[in-house]
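2 protein chains.
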Amino acid sequence: MDHNPYYSQNIHGPYSLYDLGNFDLDSGLRLRNAQLAYATFGTLSPLKDNAILFPTWYSGTSKIIEQAYIGPGRALDPSKYFIIIPNQLGNGLSTSPQNTPSPMNAGAFPAVSIADDVRAQHKLVTEHFGISKLELVLGGSMGAQQTYEWAVAYPDVVKRAAPIAGTAKCSSHNKLLVQTFKEAITSDPAWRGGMYSDSSAVHRGLKRHAHLFAASGFTAKLFTMEGWRGLGFTSANDFVTNFVEAHFLPQDANNLLLMLNKWQNGDVTLNGRGSLEAALAKITAKVAVIAIEEDLFFSLADIRAEQRLIPNSELKLVSSDWGHLALFGVDAGYNATIDSYLNALLAS
Amino acid sequence: MDHNPYYSQNIHGPYSLYDLGNFDLDSGLRLRNAQLAYATFGTLSPLKDNAILFPTWYSGTSKIIEQAYIGPGRALDPSKYFIIIPNQLGNGLSTSPQNTPSPMNAGAFPAVSIADDVRAQHKLVTEHFGISKLELVLGGSMGAQQTYEWAVAYPDVVKRAAPIAGTAKCSSHNKLLVQTFKEAITSDPAWRGGMYSDSSAVHRGLKRHAHLFAASGFTAKLFTMEGWRGLGFTSANDFVTNFVEAHFLPQDANNLLLMLNKWQNGDVTLNGRGSLEAALAKITAKVAVIAIEEDLFFSLADIRAEQRLIPNSELKLVSSDWGHLALFGVDAGYNATIDSYLNALLAS
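For the protein sequence lines, the chains are A and B, in the order given. Heads up: the first sequence at position 5 corresponds to -12 in my numbering, and the numbers run straight through without jumps. Heads up: the second sequence at position 300 corresponds to 283 in my numbering, and the numbers run straight through without jumps.
In short, the hints are calculated from the structure, not lab data. Treat the hints with caution; some may be incorrect.
Because identical chains share one entry, a pair is satisfied inside a single copy or across any pair of copies.
Below, a list of computed lysine-lysine pairs in the DSS-like style, where the Cα atoms sit at most 30 angstroms apart [said to hold, decoys possible]:
id, residue 1, residue 2
1, Lys142, Lys165
2, Lys204, Lys269
3, Lys152, Lys204
4, Lys204, Lys63
5, Lys204, Lys165
6, Lys116, Lys46
7, Lys204, Lys265
8, Lys152, Lys46
9, Lys204, Lys31
10, Lys204, Lys299
11, Lys190, Lys116
12, Lys116, Lys299
13, Lys31, Lys63
14, Lys116, Lys31
15, Lys63, Lys106
16, Lys63, Lys116
17, Lys31, Lys158
18, Lys152, Lys63
19, Lys46, Lys31
20, Lys265, Lys165
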């Protein structure tokens, strides 16, 4: 186990740990003493009818979700709602390659599926909190993948859903893109099949991975308009180094790879649910499918094609020069539009 | 010198070699016995007033330009025009890292600029062929970079210009994208600072580089619509392997890197030409600036911003699910639109 100081209460807290005990994965392997890290905001009402669930995206923790989406006056207002942010397995706070002992540590950690995450979160919601209905499940990117899985797997629990900038089934182009992210890390000889002694040894691979995120996570226009100046960056290089590299370099390479594999295999039709049409037809929630028009990770066309298969759904568009990574909450226009869509959905 | 069979008359010919002799580069180093490979189509008129120049793009040779753009009934009809396709320095047919002896071989080959290429091509056009006016200079991607350099450096020679899917000055986003292509290759330990004994040793890096091209060279829609089926590919993997990897894997890693550095530093304002506005104001040619709307390498916004600085120019748009790599001539709709733009320009 590598006690990477990045994954700490100091940086990402406060968060709590829910003991999943023995947790059986879709892969057939069992996690022992599995833990789900989560943060909550607001107070659960006596009738338990004000709960919202917001799973995390790739490389993110509950902290960035809190900072980007939750606050007084926002759609996700903790004075009205009880908001639970579960950290996905492998993100470094929940059970992950970097905090698991041998023989399932590091590069030997078993594959995790989006459905595994959602099953773990379902235990937290129903068994720990005793909540039987969620007012809203939402998430961005891999959080959208989890949102779709929730709506398909537990239609009786999910009253409303808002998948943002993500798909129910990973497209062939998206799989290819994720493959390039994986290759940027695994090509580093210091990765050693996941058996490095310290993730900072993989800094070259992590840096290449950060550059791929910078090149397609945002739009070309953001660079031309120097949209990063508003955040205090002085040049494109300064932005790439002190925003994108700064985000990824402290993270654990195996954690990132575990999440990338999960992302690449995200598919609500697994577990014998038949066609994509059949799987999405199981959704009974009212759904606002939100796409970022400039998104180069999850294209508008792919998102729209799925939305058309969801019974009680509407497609909502948001535009941002920040592209897919507008999710981070750095664009005030994006934040306001998302809040208006969430307010309308919650009021319905 | 590595006699890579890929760079041969058998695969890329017929082409001729023009002896540049001692050729001084912008970097300060001199190429000895430098050669410019070129192919011609059609016959130069007695008045030498029917010549067109079409420099090559990244990783391409005169062969692919011929196949994609030249033929009876096309805008570039060899029964009307004398079409010269010079192979850019470093592309494997002209003087390149892989065909140059020590001490400037392989990883020790000096940096080449877009302006170096254009100066070499100017010698071919004026001294070898005795042509004083070119009816048209055109090119795609790095060919557009050369086209802009021609129009700025030799306004008295260039009557018309058609830069396609490229810019006069590499944008900060484009530099970042090219950086990721370079890193995919140089991160391979087998690259050894360019001093491998055989480029096929660098197959892992070349493959990663091919994957980056596949992920952003085309659009997500091409994959979702399975647009590659029309070319006989059976799956996304089959397409990526047998189209994209097939294109890059036989090539020389140092050749590709030389061209990538040239691309990244492409800038018509070099050599003391002042601001971009001042440099582009030197252009006297009639210019059709052609952008591919879906292009993720050279964005429409960046291309449009430059076009507005060119006195006698028009912006022309073409749409293709093939994105930047529509340049390859694989989309009949793209080909027809380009031909109509070139016909109109040539008739003016």
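We went through each hint and held it up to the structure:
1. Lys142 with Lys165: neither (35 angstroms within a copy, 48 angstroms between copies)
2. Lys204 with Lys269: Answer is between; shortest inter-copy Cα gap is 27 angstroms, intra-copy 34 angstroms.
3. Lys152 with Lys204: Both. Shortest intra-copy (29 angstroms) and inter-copy (15 angstroms) distances satisfy the 30 angstroms Cα cut-off.
4. Lys204 with Lys63: neither (38 angstroms within a copy, 41 angstroms between copies)
5. Lys204 with Lys165: both (26 angstroms within a copy, 22 angstroms between copies)
6. Lys116 with Lys46: Result: close within a single copy only, 24 angstroms intra versus 64 angstroms inter.
7. Lys204 with Lys265: Close across copies (26 angstroms), not inside one copy (39 angstroms); limit 30 angstroms.
8. Lys152 with Lys46: So Lys152 and Lys46 pass the 30 angstroms test inside one copy only (27 angstroms; across, 40 angstroms).
9. Lys204 with Lys31: neither (45 angstroms within a copy, 43 angstroms between copies)
10. Lys204 with Lys299: both (22 angstroms within a copy, 19 angstroms between copies)
11. Lys190 with Lys116: neither (42 angstroms within a copy, 48 angstroms between copies)
12. Lys116 with Lys299: Close inside one copy (24 angstroms), not across copies (54 angstroms); limit 30 angstroms.
13. Lys31 with Lys63: within (12 angstroms within a copy, 80 angstroms between copies)
14. Lys116 with Lys31: Within. Shortest intra-copy distance 8 angstroms satisfies the 30 angstroms Cα cut-off; inter-copy 81 angstroms does not.
15. Lys63 with Lys106: Within one copy only: 24 angstroms inside a chain, 75 angstroms across chains, cut-off 30 angstroms.
16. Lys63 with Lys116: Within one copy, since 16 angstroms is at most 30 angstroms while 74 angstroms is not.
17. Lys31 with Lys158: The answer is neither: 39 angstroms in one copy and 53 angstroms across copies each exceed 30 angstroms.
18. Lys152 with Lys63: neither (33 angstroms within a copy, 52 angstroms between copies)
19. Lys46 with Lys31: Within. Shortest intra-copy distance 24 angstroms satisfies the 30 angstroms Cα cut-off; inter-copy 69 angstroms does not.
20. Lys265 with Lys165: Neither, since 32 angstroms and 46 angstroms both go past 30 angstroms.
Of the numbered hints listed earlier, those contradicted by the structure are 1, 4, 9, 11, 17, 18 and 20.
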